[in-house]
Every structure is written in structure tokens, then in C-alpha cells.
Amino acid sequence: MIALKAVKKIYADDGSSTVALNGVSFEIHKDEFVAIMGPSGSGKSTLLHILSFMDRPTSGSYTFFDKKIEEMSDTELAYVRNQEMGFVFQSFNLLGHASVYDNVEMPLLYSEVKMVDRKKLVENAIAAVGLVDKTKIEASKLSGGQKQRVAIARALVNNPRVIFADEPTGNLDSQSGGQVMKIFEELHTAGHTIVLVTHETYTAGFANRMIHIKDGVVDSDQLIDKHPTHAGFIK
Amino acid sequence: MRLQDTIKTAAKSLLRSKTRTALTMLGIIIGIGSVILLMSIGQSAQDLIIGQVQGAGSNLVFVIPGSNKGSRLAPPAAAQGIIIKTLNKNDLVALKNEASIDLVAPEVRGQARIIYGNNDQAVTFEGTMPDFFPIRNFTIAKGHAFTQSDVDSFNHVIVIGSKLADKLFSRFDPIGKTVRLKNITFTVVGVLDSKGVGPFGIDQDELVLMPVSVAQKQLVGIDYYNSLVIQANANYDIAFAQSRVVSVLRQNHHITNPDKDDFTVQTQADAIDLLGSITSVLKLFLAAIASISLLVGGIGIMNIMLVSVVERTKEIGLRKAVGATDRDVITQFLVEAAILTLFGGIIGIAFGALFTTIIYFAIVNFSTIEWTFALPLSAIALATGVSVLIGLVFGIYPARQAARKSPIEALRYE
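Chains as they are written, first to last, in my numbering: chain A, 1 to 235; chain D, 1001 to 1414.
Since the hints were derived computationally from the structure, they do not count as laboratory data.
Ideal placement from N, C-alpha and C gives every residue a C-beta, glycine not left out.
Some hints here could point you the wrong way.
[What the hints assert, rightly or not] Below are the DSS-like pairs computed for lysine-lysine, each with C-alpha atoms no more than 27 angstroms apart in a straight line:
id: 1; chain 1: D; residue 1: Lys-1008; chain 2: A; residue 2: Lys-120
id: 2; chain 1: D; residue 1: Lys-1314; chain 2: A; residue 2: Lys-141
id: 3; chain 1: D; residue 1: Lys-1008; chain 2: A; residue 2: Lys-136
id: 4; chain 1: D; residue 1: Lys-1018; chain 2: A; residue 2: Lys-141
id: 5; chain 1: A; residue 1: Lys-119; chain 2: D; residue 2: Lys-1314
id: 6; chain 1: A; residue 1: Lys-141; chain 2: D; residue 2: Lys-1012
id: 7; chain 1: D; residue 1: Lys-1008; chain 2: A; residue 2: Lys-114
id: 8; chain 1: D; residue 1: Lys-1008; chain 2: A; residue 2: Lys-119
id: 9; chain 1: D; residue 1: Lys-1018; chain 2: A; residue 2: Lys-136
id: 10; chain 1: D; residue 1: Lys-1012; chain 2: A; residue 2: Lys-119
id: 11; chain 1: D; residue 1: Lys-1018; chain 2: A; residue 2: Lys-134
id: 12; chain 1: D; residue 1: Lys-1012; chain 2: A; residue 2: Lys-134
id: 13; chain 1: A; residue 1: Lys-134; chain 2: D; residue 2: Lys-1314
id: 14; chain 1: A; residue 1: Lys-136; chain 2: D; residue 2: Lys-1012
[As the list claims (entries may be wrong)] Derived DEER-like restraints, expressed as beta-carbon distance ranges:
id: 15; chain 1: A; residue 1: Asp-74; chain 2: D; residue 2: Ala-1362; range: 56 to 62 angstroms
id: 16; chain 1: A; residue 1: Ser-25; chain 2: D; residue 2: Val-1310; range: 36 to 42 angstroms
id: 17; chain 1: A; residue 1: Asp-74; chain 2: D; residue 2: Lys-1018; range: 30 to 36 angstroms
id: 18; chain 1: A; residue 1: Asn-22; chain 2: D; residue 2: Val-1310; range: 32 to 38 angstroms
id: 19; chain 1: D; residue 1: Thr-1372; chain 2: A; residue 2: Asp-74; range: 56 to 62 angstroms
id: 20; chain 1: A; residue 1: Ser-25; chain 2: D; residue 2: Ile-1007; range: 42 to 48 angstroms
id: 21; chain 1: A; residue 1: Lys-136; chain 2: D; residue 2: Leu-1282; range: 56 to 62 angstroms
id: 22; chain 1: D; residue 1: Ile-1007; chain 2: A; residue 2: Asn-22; range: 44 to 50 angstroms
id: 23; chain 1: A; residue 1: Asn-22; chain 2: D; residue 2: Lys-1018; range: 49 to 55 angstroms
Isolated chain D (complex conformation) (with noise of 0.2 angstroms):
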């Protein structure tokens, strides 16, 4: 039987009984309209976190106290929580001498409440030096940065991300304002232009920056870092510079042997490739748990073929007496099935792709996210490849039963 004969007489005997077809399809839109859904998202949300891993700033690299001992996917030490109190104020001076870095910058970090009048307010605040505006890229949109001066004299100034000078001050000028956190009063010298959230989601227009030495002395009573952000020159290749920091912190921490290193140095790079495997398991998670509606929609087309082979005994019987082969009645079954599960493939992945818009545009107006549009090509061709495939696994089975029958038998069939 010709192939165009064999989808023709498949097609009519689908559209004979429409709302069962309707029905028997559902099963695969719903799966695949899942799948698609769910590998955009995980797509979306995976371009977001690099986003924000990029939007950090440019040729940066990071160190953090503790070793990863070695394995890239291992957390550094004081990512697990550990107080490492190694890096302090010589590493700084020390890697500020080094060529290859143009740009260094401390970081002790902090929470606590931020009071203005009755306005109280749980923040995230950030001791820092001058050079981590430029590090990390963040811009003034009122009044000025705090200076070298201010880190050096321990001056009481913030420096506030844009959201939280609109929940503090409302419509008022921030710009010389008092607040107080932690009982000590600071005065907001300046406002960051919005940035959105952060690399791990912290909201980067609701932080309080303020000089490195007030957070260590007064806010929180330490004498190190939590960790240094630094910009490489661009003039110098990442891994250089990645390597010459290595090197400085080992000799500034006496260390020879490199299994012993108190510090981790990631480059920009080096995060993205981590959070990239991170992510893309989190899309294959997605899509293993879209999976599982589409094996119930296989079963199914499963179902309702095995059914349709029953009621349609007398007709395979006649197909066979007039020279139908058991190979024609198994393709014929075969491309039912996967006329099945191809429309509904397509279908699921229009479906999916209206709420992945549907989605967007949700999160994109209702919340201050920055979602990409994102709909993998690679996931429409697996949702199209996986439902023909789907159609055929679970349609062999019908169709070999159908091809099974003798003629004379299903002739006689009532």
C-alpha cells in the first residue's frame, strides 16, 4: 500500500469519530504543551541567572575564603557557611600592585533594619571601597558615590539602591536624609540608578553600601573580609590575571603547598560555566517531570488504538481478504497513531508556546524580574520528535494485534 493511500485512509478513519480523536489528543497536547512549557522556562530562568552573572560587571574575578578543594562544583567553604577569616587588608593591598588587575575591591556584608521616621525597613547592607562602583558597574542617579576619604575618616554615608529610597522616602529627596541601622546614624549621600536583582537573587535596588572600615568596626566587629571583587585589565588575558591572584594570596598567606589554599578565585567565566551545569540540570529536572504527562497521554493513544482495533475487527478482516498484508495493517495502525500524537504535538507546542508568552508578559508587567522571552528550538523539534515517537511506541503494540487477526476470524466477528 502506497504511503499517501495509507495516511488517506488513516486521516478518514481518525476524522470518523472526531471527539474520541479530540480526546485521545489531549493527552499529547497537554504533555507536550507541558514540556514545551516548562524547557522555556527553564530556559528563561537560566538566561536570567547568567544575565545577572554578566551584568555584574566585565573581566571580574572573585575570591572567596575557604578551598573548593579542587573541584569546581564543589561550594567554597564560606558558601557553606564556614567563617574563614583570612582575607583582610594586605591581600588588598597586595592585589593592588599587581598589573594585570586594574581594580580592587572589599566586601563585609551584613542584614539589619534601616529606619527613617516610622519607615522600617529589613536590608541587605554592603561595606565596601569606591573602586566596586565600577567593578560592579553600579551608577549614581542622585547625589554622589562615598569616597576614599569617607573609608578612611570611617564617615557615617550609605549610598541606597533605588527601590529602597522609594520605600523609605517616598516622594521626598533622599540625598541628606538621616537613617539609622543598628543605632548609628548614617547619612544617605547617594542613590543607584536601578539594577534589578542580582547574581543569587539578591535585589541589588534595595542595598545599603556604605565604607568598608564603619561596616567592619561598627556594624558588624570584624577585622577581614568576606570576600574581594576585582576587575582584571583588559589588556591582560582573565586566566592571567585569575592565575597572578592565585599566586599573590598564596605568597601573602605562606602557602606552598596548593591542596592547603584558604581561598577560592573564580573568574565571571568560571561562574557562568557553574551556574550554566546547575541550570541545565534544572531544565532536564523540568523536563523529566513533563515526561511523565506524556508517557500517560502515550498510554492513552495506547488505550484508545487497542479499542479502536476491537471495534474495527470486521474491517481489518476485509482489508486482509482483499490483499491486505499484516505489514499494511500494521502501517495503517502504526500512522494512525502517529497522525495522532503528530497533531497533537503540534497543537501541545502552540499551546505551550501561548502560555510561555502568556508567562512573559505576567512576569515581565507584574513583577520587576528581568524574564527573557525564551522558546528553544531544540525543545519544539524534541516535543515534535518525542510525540511522532511516542505514536509509534505505543501504537506497535495495536497494530501488531490488529495485524495478528486472521481474516477469517475477524470476518466473522459480531
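In isolation and in its complexed conformation, chain A is listed as follows (with noise of 0.2 angstroms):
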């Protein structure tokens, strides 16, 4: 489970401060897909950042599955990341110039999983996201969204706790978007806890619970149905 309780971020700069979150309490438990929005400045990037471990809270306490962040070094930190959680970023940041395949590995070379195991997991991910016949090819020669069915890959390729998504389907015309929510809507139903970022309420109707953030707090926290025009959108 995870569970924030009073999380505050100030960023502090040449004297002045800025107060990114202010006092955010929730928990999110296993297998839901939550979606996080908000306007922009709302402060849902830098919740997004402390919940992935990417970030420290200036105040408050924050659990992920037992372990609380501020008991933990940044290589414990790191170590989580690799182990339990995955990432999806709205720029893809793929390695251009290296093939489906080694973007895919990446996190595996940080991991524990022996050389004989990796390739299994690497293919496997990749099936997972229709990419079969792409294996070699380059990242940049892919369109959007088969280059964000990669960074899907790439983030579950660990089979992590928790997936987060940060705008997901920010660059992507709105049939690649889908086709993208489509497989987070299966890895939520495979068991994967998810974890959205997304200031289109269309993409938000794929999760079960949205939590909104105004001005650095929890402004509306509801469990939501599935979008009635998702089935229609996706076919």
C-alpha cells in the first residue's frame, strides 16, 4: 500500500520559496488505477516525482509497501525504483538510437536478474505491447505511439508493483492515445497497480479513482466509473 500523510514540497531559491504541495494525506492500494489531475502548477508533477521516489517531500511521511522514504538512502531509493516501480513519461524518453530491444532491457541491466533470464522478460515485454516485429529496429524510426508502447514495455519489463504515467498520451493523436490507455486499462486488469498523471479528463476516465489537486492539495479524491464512450473511442 501506499500511503502519504501530510506531504508537503517547498522549493526553496535565492531567497524566496515556493509551496508545491501543501499537506497531501491518501493512500492508494494494490490494483488501483488512479488518475492524478489537475491544472497546470496544480503541483500533480511533484507529487507524481515524490511518489516515484524521484523526489524527497520537504515534510510529512511517505510508505511505499512498508518501506518510508525518509528512512531511505538515494541507492535504497534507486534500488525500489528498479525493483517495484515503473515509468512512463509523455516524451517517451526512449534512446533513440538504440534498438526496441536494448530500450526495453534497460532496467533489467540495473536488476538483479541473471543474463540467461533477461532475454525472456525482454521479449515477453515486448509481445505485451504488439511490438513482436519491431524488436530490432531503432527507437526514432517508430511512430508515437509504437514509441510509447516501448516505454510500456520498458516499465513493465521488471513486472513492477506500480506503474506511473506522467501525460501518457500528451503526444500522441488521439487513436495512438487510446490504443496506449487500452494496454494500461489491461495491465490494470493483469494485477498492475497504476498510477496516471494526466490533465485530460478522457484519459483520466480509464482509471477507478481520481484524486485532483488544486494549489498544492487534495481537492477531490472519488472512486469513478469507466468513461461510457472509452469502448467506442478504442475500437
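Got two chains here, separate frames each, mind docking them using the hints?
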């Protein structure tokens, strides 16, 4: 279980300080698909960075499956990111010159997975996003939708407990975006916890819970039904 | 991250920009190549100089006028141009009676022009005695050496080096020909076998050897010797022979306080030691010069690695996001720098060896210097070690810069 209690994040710069998060508290349970929404500058990206161990809160406590961020070293945070988290970014963040295989393999380079098992895991992840025929292609030669699918394969190759996605459809056309969200839906069905940051209500509609952030605090937190038009949209 | 994965990742990254990698390596290639080349030249020069001393004869003891004041590295007074007249015939006779000494020959040297017909050559002449020939391993190619009778009778006879014979007489037989030195007529009685350049750079194939009596009285006008060259008896320890020479000379020169010695006695081994020390310093000096280019190459590596860190900011952020630790990032950039310098070093060694070989063939084919081929393993080991060390030293700063990047900032970098 993920639990935040009174998490604050204050950025101090040249004597002035900016409060990005001002006492955020909530819990995310295993198998949930959570969409974090909010207007630009609301603090949702900061929240995602703290949730995904890429940043530390200024105060408050954050527990990720019994691990308290405040008690962990940077190396331990890196270990948890590698073992239990997957990341999907708006701008894909692939190594354009490297093959699809090499991109998907990257998290495993920093894991303890044996060399012999690595190939199978990478191939399974690529198959899960339907890009088997693109395995040896350079990532830069793929379409936007394909790139994001490679990024998803990279996020799930180490079989993480939670996949964090930051505006995963932000750089995609509606059709590609729909395909990507369909994959997230399948991953959720397969038992992954998904935490998605988006400003698109339509994308958030794939989640079953929506946390709305405004001015650094939780403005609303509610369970939602699937968007009624998604099925048609995906098709 | 496993080392093999780090190496694979680093190699892929370097191969991605081949031209840049090659140009970065060029600095190290030139640096290592220079170190190898100059160390090899230094070694060959050392071998040559020591070989020349060894080739001068065996079991040799040299007596030079003037003291070197107890310091092995201080040159004797005679070597500093101070004229000392203490070595004379009495010393020669006394030394000849020593059991630990086989042969003794005096040396009186000078420069003159030797004239035959229209040919006129500047030469070094050396007045000595017949024992000089076996002591210094000089053998006769044509004619014969002069005799003790020639010395005693002040006969105007000379033995000349093979190259000088060619220069003066071309294809004609020099034996029996008359030449002039300082307006005195000499008859050539012998030509030496070729012996190449001797100790201290004197070309022994251009020497003129004559009876010491003639050189002393008629060419130079002195009654002392410039030096003595002695061949110790092989049945005695060379150090014992050396100590006997010292004792005899002190007795002859009435010296009771060793600090007041007016001569220096050195064995061939002393000379080799001394020259070895001097040439080792020379080698070190050459290596130090070459190291400057290595330093420049290392700075080139650091420069390119810093550019690479900036260019790959997003990649660094991504790697840290998916689990790379600071140590993983540092290791990756260090391995990249080490690969650059290791391969640069290997190519540099190959180029250094190639140029060493070219220089060897050029010297052997286009000069009379008896140059030996030397490619010291120590230089290769040193160059390889130094090149990797340069990679690590000059790679550490860029690598730390890379590791210090926050994954969030790095991922936002455009």
C-alpha cells in the first residue's frame, strides 16, 4: 500500500520559496488505477515525482509498501525504483539510436536478473505491447504510438508493483492515445497498480479513482465509473 | 550493474559517434606513441653508448690525470679541460711491472689535418704504443701495426682507420703511401679493420695512430701522457687491479693523503655505470617530454566527456529513473573514458613501435651508427598503465558531473 501523510514540498530558491505541495494525504491500494488530475502548476507532477521516489518531500511521511522514504538512502530509492516501479513519460524518453530491445532491456541492466532470464523477460514485455516485429528496429524510426508502447514495455519488463505514467498520451494523436490507454487498462486487469498523471479528463476516465489536486492540496478524491464512450473510442 | 553490461553499454555509446571517438583517441595515440618512440630511442641510445664502451676492450682500467674529488659523477680535472702533466713514462714502466696488469698503453691525442695529394682531411691522431692495439681490440685489415722499435726510433709511421683510408686513397692501396700531418711526412704502414663509432662519439674508423714518441715530441710538444689505458690480468679481480694501479701511482707521485690524488682510475664497469646513470636520466627526460602530449590528450578526453555528459543529460536522467545509482553512472562514464584511453594506448603503442622500426632501419641503412632495435617492455607496460590511468583521472570529473544530476532535472533537459 502507498500512503502519504501531510506531505509538503517547498522549493527554496534565492531567498524565495514556492510551496508545490501543502499537506497532501491519501492512500493508494494494490490493484488500483488512479488518475491524478489538476490544472497546470497545481503540483501534480511534483506529487508524481515524490510518489515515484525521484524526489523527497520537505516534510510529512511517505510509505511505499512498508518502505518509508525518509529512512532510505538515495541508493535504496534507486533500488526500489528499479525493482518495484515502472515509468512512462509524456515524451517517451527512449534512446533513439538504440533498438527497441535495448530500450526495453535497460531497467534489467540495473537489476539482479540473471543474463539467461533477461532475454525472455524483454521478449515477453515487447510481446505484451504488440511490437514483436519491431524488436531490432531503432527506436527513433518508430511512430509516436509505437514509441510509447516501447516505453510501456520498458516500464513493465521488471514486473513492477506500480507503474507511474506522466501524461502518457500527451504527445499522441487520439487513436494512438487510445491504444496506449487500452494497454494500461490491460495491465491493470493483469494486476498492476497504475498511477497516472494527466490533465485530460478523457484519459483519466480509464482509471477507477480520480484524485484532483489544486494549489498543492487534494481538492477531491473519488472513485469513478469507466467513461461510457471508451469502448467505442478504442475501437 | 554488471561490469560486462557497463562495458557493452560504454562501447555502444562510443561507437555511436565514431568520428568523435577517433578524434578523441588521437590525442592519446599521439601521446602514447611519443612515449614509446622516445623511450625506445633512449634505450637504443643507452645500448649504443654502453656497447661502445664494452666494445673498447675487456678488463680495461683507465687512468685520467686529475682527481674527481671522490664523487663518481664529478668529471676528472682533465675532462674539464684543465691540463695536468703528472702521468709520465715512470708511471707506465711501474704499472707494466704489476702482476695484476697485462698490458699498458699511453695515449697522447691531438687534432690535425692529414694531406695526401689534393686530399685534405681533419683528423684526430693518437700517439700510443703497440700494446694499444690488443688492449682496445683494434685489428689490422692491411699492412701491420707499428712496433716498439718504431716508438723507440721516432719513426714516422701511422696506422689509419678504414674510412679515412677510403677518403684519402679511394681505391688505391694506402700501404706505403706518404702523407703529411702538421708538415711532417708519415708513411702509412697499416689500415685498421672497421670498428665504428667509439666511446664518447669518436669515429674510430677515422683515427690516425702513431708512435707515442712522435706524437709527444714532434706533433704536440709535451713530455707527459693525456691518459693511460690498461688491460688487467684476467686471473685477478678487476677491483684488485684497480687498487694496485692507485697504489703504484700514489707511490710514484709521492701522495700519502688519498684526498690529494692527482689522477682518477676508473674501470670499464665504472664507465658503464656512469654512462648508464647519465643515459637513464636522458631516457627519463625524453619520457617526461612525451608525457606532456599525454597530458594534452587526457585533457582532450575530459573535454569530450564533459560535452558528452551535457549531450546525454536526458539519458542519464532516464537511467537514474529506472534504477541506476550514482555509482552506476560514474562507472559507466569512467569505463567509457578508460576504453577510449586503453584503445588509444594500444593504437599508440602500435604507432610508436612502427616509428621506432622505421627509425631503426633509417639509421642502420643511412648511417654508420651501430643502432640497435629496442622496444622496452617496460615502456609498453608503462604506456598501457598510464593511458588507462589518464582515462580514469580525466574521466572522474565528467563522470561525477553526470552522477550529480537529479533525474527530474535531467529528464526535463532539452
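To see whether the hints hold, each was checked on the structure:
1. Among the hinted pairs, Lys-1008 of chain D with Lys-120 of chain A is consistent with the structure: their alpha-carbon atoms are about 19 angstroms apart, no more than 27 angstroms.
2. Under the criterion of a C-alpha separation no larger than 27 angstroms, the hint pairing Lys-1314 of chain D with Lys-141 of chain A is consistent with the structure, at around 19 angstroms.
3. Restraint check for Lys-1008 of chain D and Lys-136 of chain A: satisfied, since their Cα atoms lie roughly 17 angstroms apart, inside the 27 angstroms limit.
4. In summary, the hint linking Lys-1018 of chain D to Lys-141 of chain A is supported, as the alpha carbons are separated by about 21 angstroms, within the 27 angstroms threshold.
5. Restraint check for Lys-119 of chain A and Lys-1314 of chain D: satisfied, since their Cα atoms lie roughly 25 angstroms apart, inside the 27 angstroms limit.
6. The suggested pairing of Lys-141 of chain A with Lys-1012 of chain D holds, with an alpha-carbon distance near 18 angstroms, which does not exceed 27 angstroms.
7. For the given pair, Lys-1008 of chain D sits about 16 angstroms from Lys-114 of chain A by alpha-carbon distance, which is consistent with the 27 angstroms threshold.
8. The hinted pair formed by Lys-1008 of chain D and Lys-119 of chain A meets the criterion: a straight-line CA distance of about 16 angstroms does not exceed 27 angstroms.
9. Distance hint between Lys-1018 of chain D and Lys-136 of chain A is fulfilled; the C-alpha atoms sit about 21 angstroms from each other, no more than 27 angstroms.
10. A C-alpha spacing of about 18 angstroms is found between Lys-1012 of chain D and Lys-119 of chain A, which places the hinted pair at or below 27 angstroms, so the restraint holds.
11. Of the pairs offered as hints, the one joining Lys-1018 of chain D and Lys-134 of chain A holds, with about 25 angstroms between alpha carbons and a cut-off of 27 angstroms not exceeded.
12. In summary, the hint linking Lys-1012 of chain D to Lys-134 of chain A is supported, as the alpha carbons are separated by about 20 angstroms, within the 27 angstroms threshold.
13. Simply put, Lys-134 of chain A and Lys-1314 of chain D have alpha-carbon atoms about 23 angstroms apart, close enough for the 27 angstroms limit, and the pair holds.
14. In summary, the hint linking Lys-136 of chain A to Lys-1012 of chain D is supported, as the alpha carbons are separated by about 15 angstroms, within the 27 angstroms threshold.
15. Checked against the hint of 56 to 62 angstroms, the C-beta distance between Asp-74 of chain A and Ala-1362 of chain D comes to roughly 59 angstroms, which is consistent with it.
16. Distance hint check: the CB atoms of Ser-25 of chain A and Val-1310 of chain D are about 39 angstroms apart, consistent with the given range 36 to 42 angstroms.
17. Roughly 35 angstroms separates the CB atoms of Asp-74 of chain A and Lys-1018 of chain D, a value that falls within the hinted 30 to 36 angstroms.
18. Our hint of 32 to 38 angstroms for Asn-22 of chain A and Val-1310 of chain D holds, since their Cβ atoms are close to 35 angstroms apart.
19. Taken as a hint, the range 56 to 62 angstroms holds for the pair Thr-1372 of chain D and Asp-74 of chain A, whose Cβ atoms sit roughly 58 angstroms apart.
20. For the pair Ser-25 of chain A and Ile-1007 of chain D, the beta carbons lie near 46 angstroms from each other, so the given range of 42 to 48 angstroms is met.
21. Under the hint 56 to 62 angstroms, the C-beta atoms of Lys-136 of chain A and Leu-1282 of chain D, about 57 angstroms apart, fit the expected range.
22. Between Ile-1007 of chain D and Asn-22 of chain A the beta carbons are some 47 angstroms apart, a value that agrees with the proposed interval 44 to 50 angstroms.
23. Checked against the given bound of 49 to 55 angstroms, the beta carbons of Asn-22 of chain A and Lys-1018 of chain D, roughly 52 angstroms apart, stay inside it.
In terms of the numbered hints stated before, the structure departs from none.
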